[in-house]
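2 protein chains.
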Amino acid sequence: MEKLSNKIISRVLLYIRILEELIKKNRARVSSNELAKLTGLSDVQIRKDISKFGKIGTPRLGYSTRELKNILEDFVLHKETIQLALFGVGNLGTAILKYPAFKKDKLNIAAAFEKDKNKIGKIVNGVRIYPIDKAPEIIKKIHAEIGIVAVGAQDSQEVVDIMVLSGLKGIINFSPTFLNVPKEIAVRDIDLSLEFLALYCSVKILA
Amino acid sequence: MEKLSNKIISRVLLYIRILEELIKKNRARVSSNELAKLTGLSDVQIRKDISKFGKIGTPRLGYSTRELKNILEDFVLHKETIQLALFGVGNLGTAILKYPAFKKDKLNIAAAFEKDKNKIGKIVNGVRIYPIDKAPEIIKKIHAEIGIVAVGAQDSQEVVDIMVLSGLKGIINFSPTFLNVPKEIAVRDIDLSLEFLALYCSVKILA
DNA sequence: TAGATTGTTAATCGATTAACAATC
DNA sequence: TAGATTGTTAATCGATTAACAATC
Chain A
0 MEKLSNKIIS RVLLYIRILE ELIKKNRARV SSNELAKLTG LSDVQIRKDI SKFGKIGTPR
60 LGYSTRELKN ILEDFVLHKE TIQLALFGVG NLGTAILKYP AFKKDKLNIA AAFEKDKNKI
120 GKIVNGVRIY PIDKAPEIIK KIHAEIGIVA VGAQDSQEVV DIMVLSGLKG IINFSPTFLN
180 VPKEIAVRDI DLSLEFLALY CSVKILA
Chain B
0 MEKLSNKIIS RVLLYIRILE ELIKKNRARV SSNELAKLTG LSDVQIRKDI SKFGKIGTPR
60 LGYSTRELKN ILEDFVLHKE TIQLALFGVG NLGTAILKYP AFKKDKLNIA AAFEKDKNKI
120 GKIVNGVRIY PIDKAPEIIK KIHAEIGIVA VGAQDSQEVV DIMVLSGLKG IINFSPTFLN
180 VPKEIAVRDI DLSLEFLALY CSVKILA
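Taken in order, these protein sequences are the chains called A and B.
Residue numbering for the first sequence follows numbering that gives the first Met the number 0, beginning at 0 and increasing consecutively.
Residue numbering for the second sequence follows numbering that gives the first Met the number 0, beginning at 0 and increasing consecutively.
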């Protein structure tokens, strides 16, 4: 099967969410037209996306919600569990820990690190908080592959250096700073600043 | 000037960030090549993006960091201040309130709403927290245009109904649920689930 | 003048949409 | 069989990259 672009994958994750809602409501079937309305995308795009996974639908009847969800999920979620390490358990870090994950067994935050001594040793949502200097040792032990930067801008580079040292292969960065990282490490920057958040909204509003 | 795509605008916001860093380090000039290294983009793309704003660079010398930053900022940030209203002051809501905004006078969270009575009346980062049922009244008073959904999945639809009622024109949704919203309201969904966060990272890692 | 870097035009690539054939 | 909906092929659109001319 041909490799899917990130764009398609992120739409597929959206389809999965919506299919779960429909299944919860005991809907057995759904048409591309209805999915279009629910997602804001076009029906053609949805059929095209789904067609990458095979001939799953039935003319006149649409798709089986359950079958479609299973097929999409099987593809999107890797076979092996990926372990993640969280750096920073402030408001943002805690929000991430508590955010619902729909397949906890495939992606798992295995440890969290903090500099605040009052938080060390605590367990938030099942995840234990360690001091930052233990990171290299613990990350190796738990085989974490991806690190999440949820510390303030002033601490982020320092934390990232430790992450690199610990052998992480990917970094999800919530800190609004430019990170110096060896290029073999994948970095995904996520910007929660008002400028970014409002971007698409306000462009549409002001257009 | 031709209208810019969201893709370009979000790169422009990145350029502004990096230019600010460079200015802080007293760098007067920067080449497209150096910006390419700092952003991970190609030098051609950077020159192409910048060329949309005019002939700003000087062959052999590159761009003036200060001039470029001012021009980009002037364009990206609208003239008028946009007021926002935040719904939900839990961990995520608090993180958003505290996240650094680089032009606070252009985008401003003017009020926050909560159902938790213990939080009502408090002020977080300069923003007062009101009970949710006051939302329609207060939103009209402060002329808020965009609302941020930072409540749990189970409360999100209820909160959104109030937002629609209050006359907001745009919604930034952090809740991992599908929202029922009249189509004249712009919705931007932001997914903080591990699946989404790890998406690009893990695809790259596992590729 | 020579060399480096910008800015632009043309080519390529990928994603979306339109049209329609296949199928239940 | 008729009608509705899927799946696919071709056309369009937009974004990126390559090549190179312009300029300091």
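Since the hints were made in silico from the structure, they are not lab data.
Each hint should be verified, as a subset may be incorrect.
Straight-line distance between alpha carbons at most 27 Å, and here's what the computed DSS-like set of lysine-lysine pairs gives [as the list claims (entries may be wrong)]:
hint: 1; chain 1: A; residue 1: Lys-6; chain 2: A; residue 2: Lys-36
hint: 2; chain 1: A; residue 1: Lys-139; chain 2: A; residue 2: Lys-97
hint: 3; chain 1: A; residue 1: Lys-114; chain 2: A; residue 2: Lys-133
hint: 4; chain 1: A; residue 1: Lys-68; chain 2: A; residue 2: Lys-114
hint: 5; chain 1: B; residue 1: Lys-182; chain 2: A; residue 2: Lys-118
hint: 6; chain 1: B; residue 1: Lys-116; chain 2: A; residue 2: Lys-97
hint: 7; chain 1: B; residue 1: Lys-6; chain 2: A; residue 2: Lys-2
hint: 8; chain 1: B; residue 1: Lys-97; chain 2: A; residue 2: Lys-116
hint: 9; chain 1: A; residue 1: Lys-182; chain 2: A; residue 2: Lys-97
hint: 10; chain 1: B; residue 1: Lys-54; chain 2: B; residue 2: Lys-68
hint: 11; chain 1: A; residue 1: Lys-118; chain 2: B; residue 2: Lys-116
hint: 12; chain 1: B; residue 1: Lys-51; chain 2: A; residue 2: Lys-114
hint: 13; chain 1: A; residue 1: Lys-6; chain 2: B; residue 2: Lys-47
hint: 14; chain 1: A; residue 1: Lys-121; chain 2: A; residue 2: Lys-97
hint: 15; chain 1: A; residue 1: Lys-6; chain 2: B; residue 2: Lys-2
hint: 16; chain 1: A; residue 1: Lys-121; chain 2: B; residue 2: Lys-97
hint: 17; chain 1: A; residue 1: Lys-97; chain 2: A; residue 2: Lys-54
hint: 18; chain 1: B; residue 1: Lys-36; chain 2: A; residue 2: Lys-36
hint: 19; chain 1: B; residue 1: Lys-6; chain 2: A; residue 2: Lys-182
hint: 20; chain 1: B; residue 1: Lys-47; chain 2: A; residue 2: Lys-182
hint: 21; chain 1: A; residue 1: Lys-6; chain 2: B; residue 2: Lys-182
hint: 22; chain 1: A; residue 1: Lys-168; chain 2: B; residue 2: Lys-139
hint: 23; chain 1: B; residue 1: Lys-105; chain 2: B; residue 2: Lys-116
hint: 24; chain 1: B; residue 1: Lys-139; chain 2: B; residue 2: Lys-118
Review point. If you check each hint against the structure, which ones fail?
Key: Those not satisfied are hints 4, 5, 9, 12, 17, 18, 22 and 23.
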